[in-house]
Each structure stands twice: as C-alpha cells, then as structure tokens.
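Asker: Sequence:
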Amino acid sequence: MNLFKMTKGRKLECKRLMGCGLQGLIVAVWLFPSVLLAQHARDAEGFELGPVRIRPVAEVLGAYDNRVMVTGSGDIEGDLYSEPAVTLYLENNPARYDFSAKTGYGHRFYREYAELDDDFYNAGFAIASDDRPLKLGLSSYLKKTLGYDTAYDPSSGQEPGAILTGGTSIRYATMASIAYEKNLTDRLSIAPSYDIWHYFQDFEDGTDAEWQEHQVSLQLGYGYTEKTRLFLTGYYSLQTNDDEEGNIGAVTVGAAGRMSDKTSWVAHIGVAAVDYEQSGTDQGVVGRLQAKWNTTEKISAYIYGSSKFQSGYNAGAAQQVYRLGYGASWRVASYWSIWAQVLHDYQGDLLDMSGSDEDVKNFVSIRTEYDLTHRFALGASIKYIMDEEEFDQTIVALSAAYRY
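Numbering-wise, the working numbering puts 401 at position 401 of the sequence shown, and it's gapless, one number per residue.
Watch out, some of these pointers could steer you wrong.
Straight-line Cα separation of at most 27 Å, DSS-like style, residue types lysine-lysine; simulated pairs [unchecked claim]:
no., residue 1, residue 2
1, Lys144, Lys182
2, Lys292, Lys383
3, Lys227, Lys144
4, Lys361, Lys182
5, Lys298, Lys262
6, Lys143, Lys182
7, Lys292, Lys361
8, Lys227, Lys298
9, Lys298, Lys144
Ranges of calculated distance between the beta carbons of each label pair, as one might list FRET restraints [stated by the list, open to error]:
no., residue 1, residue 2, range
10, Thr207, Thr295, 42 to 52 Å
11, Asp186, Val216, 41 to 51 Å
12, Glu115, Leu220, 53 to 63 Å
Keep in mind the hints are simulated off the structure, nothing from the lab.
We put the beta carbon where it would ideally sit given N, CA and C, even for glycine.
The task is simple: from the sequences and hints, build the whole structure.
Answerer: Listed below in structure tokens is the structure:
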C-alpha cells in the first residue's frame with residue numbers, strides 16, 4: 001500500500017507496500033528518509049509562514065506528441081500543445097508529527113485539436129509520526145492526468161500509480177498505517193502492523209476501477225551488522241471490490257543495507273497463496289527491490305522492482321503485476337543536470353492461461369535542466385512509449401520553470 005513514512009526531523013515519504021507487508025514500513029523509514037509530496041530536497045527556496053514552509057512553482061511547457069489521436073483507419077495524428085501550470089508545496093518544520101502537502105493545477109492547449117484541450121491537477125497531503133515504538137501514517141491524494149504518469153522519485157521511493165493508462169484519468173487514494181515496533185534484544189525486533197488502502201480511478205471511456213485492501217503483518221528484524229538488517233515477514237491481505245473478495249497470505253525474507261546516507265538498498269522475496277471468489281486460486285512469487293547509489297558527487301543511479309497480486313476492475317479478473325524500473329542522474333555542472341528513467345510494466349489476468357490478456361508496457365524518458373538563476377530554469381525532455389497500441393508514442397518537450 002502507498003503509505004507515508006518519515007524519520008524524526010525529516011520529511012514524509014511514500015512507499016508502495018501492497019504485496020510486501022510491513023517490510024516497506026520499517027525498512028523505508030530506515031533507508032529512505034526524504035520527501036514525497038514535494039519531491040525536492042529542502043533548501044532555501046520558498047518562505048516560512050509560522051511553522052510551515054511554502055514553496056510556489058510556476059511552469060510553462062511546450063511539446064509535440066506524435067500520437068495525439070488514432071483515426072478510424074488506424075493512422076495516428078500528432079500535434080503541438082502547451083501547458084501552463086502552478087504548484088504550491090507545503091511542509092512543516094521538523095516536529096514530532098510531520099506534515100507535507102501539495103496542490104497544483106494546469107491546462108493543456110492543443111494547436112490543431114482544440115477539442116482535446118483539458119485541465120489537470122494534483123492535490124494531496126500526508127501526516128505521520130515515527131516515534132518509537134508506535135508509528136502512524138495517514139495520506140490522501142486526488143490526481144487528474146492526461147496521459148501516462150510513470151515518474152519515479154528515487155529519493156523517496158514514490159512509484160507510479162497502480163494502473164497505467166495513456167488517456168485521461170482521475171485517481172483518488174487514501175492510505176493509513178499503524179505499526180508497533182518492539183526491541184526484543186539489542187539486535188532482534190518484532191513489529192506488528194495494520195494497513196488500509198482505498199483506491200479509485202476513473203477512465204475516459206466511462207469505466208472505473210475501485211477496491212479496498214486491508215493488511216495485517218508481523219515482521220521480525222535482526223541487526224546482522226551495523227549497516228545490514230535481515231527480515232522475516234508474514235502478512236495477510238483482504239482485497240475487496242464490487243465483484244469479489246480476494247484473500248492473500250504470504251511469507252517473505254529480506255535484507256536491507258545502508259552503506260551511507262546516500263547509498264542504500266532493500267530486497268524482499270517470498271511466496272504467496274491467493275484465493276479470489278471469481279478469479280480463482282493461485283500461487284506465485286511476491287517481493288520488491290529498491291536501491292539507490294550515489295556513485296560520485298555528481299552521478300547517481302537507482303533500481304526498483306516489484307511482484308504483487310492486484311484486485312481486478314471492470315468485472316475483470318484479479319491480476320499479477322510485475323514492474324522493473326531503473327535510471328540515473330548526472331549533474332554535469334552546478335547549473336546543469338541530466339536524468340534518464342526506464343520502466344517496464346506487466347499485468348496479466350489470474351485466469352488467463354493463454355497469455356491473451358497480458359498487458360505489457362515500456363517507457364523511456366530523458367530530461368535535462370539548465371539553471372539560468374537560482375530560481376529560474378529551462379528544461380528539455382523526450383519520452384518514448386511502447387504499449388498495446390500499434391504505433392509507439394514519442395513526446396518531445398521544452399519547459400521553463402520559476403521556483404520562488
């Protein structure tokens with residue numbers, strides 16, 4: 001489940017825990033103490049209003065999309081579009097309970113296909129406490145996107161949404177978590193937890209996806225060395241939607257290492273047995289991998305992956321979802337940076353033995369940003385999308401941003 005975590009005096013972060021139980025909760029706090037909603041490190045930008053720091057950002061983007069629409073004959077049409085947008089980030093100063101929020105709004109204007117003009121927005125908040133032994137987290141977001149939302153933030157571990165769609169969609173999710181971590185010895189700890197996640201996504205064809213998941217977990221942690229920790233986790237999940245209920249039981253083993261404040265990794269793998277009322281029963285491998293390295297002061301890299309069972313939608317069967325993402329960043333100079341990201345996404349129906357309902361998507365994006373001043377920056381990006389459509393999609397964009 002998507003749950004927001006923090007370390008004391010640090011900002012919130014979001015972890016995809018669905019299918020991984022409590023390991024994401026304790027390990028994420030230990031390994032990835034950074035911001036989620038703002039997705040930027042705390043710095044001199046913005047201004048303080050009492051206990052809250054506020055940071056406005058204004059951006060304008062111009063892009064060319066070679067696959068704006070697919071004609072009745074199967075051909076694709078491209079077009080230019082522009083996107084002015086404003087975003088407001090809020091976060092409190094370090095305190096026992098940390099709070100972070102974001103609200104943004106923009107509009108897309110096409111040059112030729114004005115009938116496709118539409119707005120987009122993103123609003124959310126997170127509040128959590130990492131005080132031992134009790135850990136609490138609550139978060140919610142509402143987001144409208146006009147295409148694939150595949151961005152990954154390696155500093156916080158924030159992953160893309162549960163369902164990737166190339167059209168317009170509106171997503172809403174609320175997540176809550178409570179965990180109690182108890183040290184049994186100097187090296188051995190035990191941590192039971194309870195997580196709940198409600199997810200809703202509305203698609204442009206009039207269909208939607210909605211489900212809830214409740215998860216109880218028990219994790220044993222062992223400090224193998226000062227920088228490495230081992231885990232044994234068992235969890236039970238109940239997934240419900242309008243069509244069926246699903247039960248998932250799993251046991252995973254894992255390890256986590258933190259070589260420095262900037263280099264860390266976590267890996268969990270195990271087996272799960274699932275039983276859905278209509279989708280049937282199955283067994284499979286579940287787990288996740290997440291790592292980031294700052295190889296030098298200017299170059300960093302990351303990799304993440306996951307395997308999980310996910311509730312179906314539109315009267316469809318439950319799915320097994322596999323994801324693998326990786327990327328790197330290079331700070332060429334103090335004013336110039338380059339980022340590259342790759343994502344592979346696979347979703348297959350639980351009942352489909354032939355593989356006819358498999359959905360495989362691949363995404364590649366490269367972005368560069370040049371700081372003209374401390375607050376004003378120019379950017380350029382290219383995104384290449386290979387999905388179930390006959391023709392691949394390429395989006396090339398230029399942008400200008402001002403961060404107060």
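Asker: Hint by hint, which ones does this structure get wrong, listed from lowest number up?
Answerer: Violated hints: 1, 3, 4, 6, 9 and 11; rest satisfied.
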